[in-house]
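K.L.:
Read off the chains here:
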Amino acid sequence: EAGVAQSPRYKIIEKRQSVAFWCNPISGHATLYWYQQILGQGPKLLIQFQNNGVVDDSQLPKDRFSAERLKGVDSTLKIQPAKLEDSAVYLCASSHRRGSGNEQFFGPGTRLTVL
Amino acid sequence: AQTVTQSQPEMSVQEAETVTLSCTYDTSESDYYLFWYKQPPSRQMILVIRQEAYKQQNATENRFSVNFQKAAKSFSLKISDSQLGDAAMYFCAYRIHSGGGADGLTFGKGTHLIIQP
Chain A
1 EAGVAQSPRY KIIEKRQSVA FWCNPISGHA TLYWYQQILG QGPKLLIQFQ NNGVVDDSQL
61 PKDRFSAERL KGVDSTLKIQ PAKLEDSAVY LCASSHRRGS GNEQFFGPGT RLTVL
Chain B
116 AQTVTQSQPE MSVQEAETVT LSCTYDTSES DYYLFWYKQP PSRQMILVIR QEAYKQQNAT
176 ENRFSVNFQK AAKSFSLKIS DSQLGDAAMY FCAYRIHSGG GADGLTFGKG THLIIQP
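Chains as they are written, first to last, in my numbering: chain A, 1 to 115; chain B, 116 to 232.
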């Protein structure tokens, strides 16, 4: 079974530029999560999708971050414009369905550096 | 809001020895799940072990076991017979039992585990 795929793996941009990350969850997984992991910290949830609907985006900085999951499969996370403090690893995770005991499977992450 | 605290930024253990990683959490909920995740260097995060708060019995997965103290809000991970492949960042995480609603994980800051050969 293929795991969660993310691209690109690395991205370097200047502040105020825009950037987009892509995630392809495990086939059949209806729930998709984006986390932000700043160096030296644990991941922080940004947004959760169930199919193509948003379940929780309470920690998403909506003035600059946006995310979508068209057709309930792939998802993109965008930052526009980027700030220095956005430098982090962006992790995508998926699970078969909502339900607190269900395992979340994580992708390799996209490491973003904002100069 | 729920919080998860890992007070040990780094731990070191000799190969084949036993090590315990600490985690405390704060919540007003009575029904929730706790997890330990492993993040090897430059590799993706994987689930090590899971504990359901309503179960009194501590979870065990091969060499990995937990000591879950609900009243104290403590959830430690014990790794027995440590192996070189256990070297990684270990994250403690909490998730409310949402009944189908929002169920993102709340993570601690992690403990860097070093295995000395």
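A few of these clues could be false.
Claimed, not checked - Per label pair, the in silico range of CB-to-CB distance:
1. B:127 <-> A:66: 21 to 29 Å
2. B:196 <-> A:73: 40 to 48 Å
3. A:38 <-> B:195: 27 to 35 Å
4. A:58 <-> B:122: 23 to 31 Å
5. B:122 <-> A:71: 42 to 50 Å
Said to hold, decoys possible - Subject to a maximum C-alpha distance of 20 Å in a straight line, what follows is the list of computed SDA-like cross-link-like pairs (lysine to any residue):
6. B:193 <-> B:216
7. B:185 <-> B:216
8. A:44 <-> B:170
9. A:83 <-> A:2
10. A:15 <-> B:170
11. B:224 <-> A:64
12. A:44 <-> A:2
13. A:44 <-> B:193
14. A:15 <-> A:51
15. A:44 <-> B:217
16. A:44 <-> B:141
17. B:224 <-> A:66
18. B:170 <-> A:102
19. A:44 <-> B:185
20. A:15 <-> B:185
21. B:188 <-> B:165
22. A:78 <-> A:28
23. A:44 <-> B:142
24. A:44 <-> B:156
25. B:224 <-> A:41
26. A:44 <-> B:158
It is worth saying that the hints were derived from the structure and are not from the lab. Since we're looking at a predicted model, the values are computed, not measured. Ideal Cβ positions, reconstructed from N, Cα and C, are used throughout, including at glycine.
K.L.:
Taking the hints in turn, state whether each one holds.
P.N.:
Going down the list of hints, with the structure as the test:
Between residue 127 (chain B) and residue 66 (chain A) the beta carbons are some 42 Å apart, a value that contradicts the proposed interval 21 to 29 Å. In this structure, residue 196 (chain B) and residue 73 (chain A) meet the distance hint of 40 to 48 Å, their C-beta atoms being roughly 41 Å apart. Distance hint check: the CB atoms of residue 38 (chain A) and residue 195 (chain B) are about 32 Å apart, consistent with the given range 27 to 35 Å. Look at residue 58 (chain A) against residue 122 (chain B): about 27 Å separates their beta carbons, and that is inside 23 to 31 Å.
Here the CB-CB span from residue 122 (chain B) to residue 71 (chain A) is close to 44 Å, well matched to the stated 42 to 50 Å. For a cut-off of 20 Å, the pair hint linking residue 193 (chain B) to residue 216 (chain B) is broken: about 31 Å separates their Cα positions. For the suggested pair residue 185 (chain B) and residue 216 (chain B), the alpha carbons sit about 23 Å apart, so the restraint of at most 20 Å is broken. Only pairs whose Cα atoms come within 20 Å are accepted, and residue 44 (chain A) paired with residue 170 (chain B) is rejected, the gap being roughly 27 Å.
Using a Cα cut-off of 20 Å, the hinted pair residue 83 (chain A) and residue 2 (chain A) is violated, with the two alpha carbons roughly 33 Å apart. Between residue 15 (chain A) and residue 170 (chain B) the CA atoms are separated by roughly 48 Å; this puts the pair beyond 20 Å, and the hint is violated. Between residue 224 (chain B) and residue 64 (chain A), the direct Cα distance comes to roughly 25 Å. Violation of the 20 Å bound is thereby established for this hinted pair. Annotation: proposed proximity of residue 44 (chain A) to residue 2 (chain A) is violated, straight-line Cα distance about 25 Å (limit 20 Å).
Our distance criterion of 20 Å between C-alpha atoms is broken by residue 44 (chain A) and residue 193 (chain B), whose separation comes to about 25 Å. Simply put, residue 15 (chain A) and residue 51 (chain A) have alpha-carbon atoms about 32 Å apart, too far for the 20 Å limit, and the pair is violated. A threshold of 20 Å between alpha carbons decides the hint, and for residue 44 (chain A) with residue 217 (chain B) the separation of about 14 Å falls inside it, so the pair holds. The straight-line distance between the Cα atoms of residue 44 (chain A) and residue 141 (chain B) is roughly 16 Å, inside the 20 Å bound, and the hint therefore holds.
With a C-alpha separation of about 25 Å, the suggested pair residue 224 (chain B) and residue 66 (chain A) falls outside the 20 Å cut-off, and the hint is violated. The suggested pairing of residue 170 (chain B) with residue 102 (chain A) holds, with an alpha-carbon distance near 16 Å, which does not exceed 20 Å. Restraint check for residue 44 (chain A) and residue 185 (chain B): not satisfied, since their Cα atoms lie roughly 24 Å apart, outside the 20 Å limit. Distance hint between residue 15 (chain A) and residue 185 (chain B) is unfulfilled; the C-alpha atoms sit about 45 Å from each other, more than 20 Å.
A C-alpha spacing of about 15 Å is found between residue 188 (chain B) and residue 165 (chain B), which places the hinted pair at or below 20 Å, so the restraint holds. At roughly 24 Å between alpha-carbon atoms, residue 78 (chain A) and residue 28 (chain A) are farther apart than 20 Å, so this suggested pair is violated. Straight-line distance between C-alpha atoms of residue 44 (chain A) and residue 142 (chain B) comes to about 17 Å, which keeps the hinted pair within the 20 Å bound. Pair hint residue 44 (chain A) plus residue 156 (chain B) holds up; C-alpha atoms about 19 Å apart against a cutoff of 20 Å.
Of the supplied pair hints, the one linking residue 224 (chain B) and residue 41 (chain A) holds, its CA atoms being roughly 5 Å apart against a limit of 20 Å. Using a Cα cut-off of 20 Å, the hinted pair residue 44 (chain A) and residue 158 (chain B) holds, with the two alpha carbons roughly 18 Å apart.
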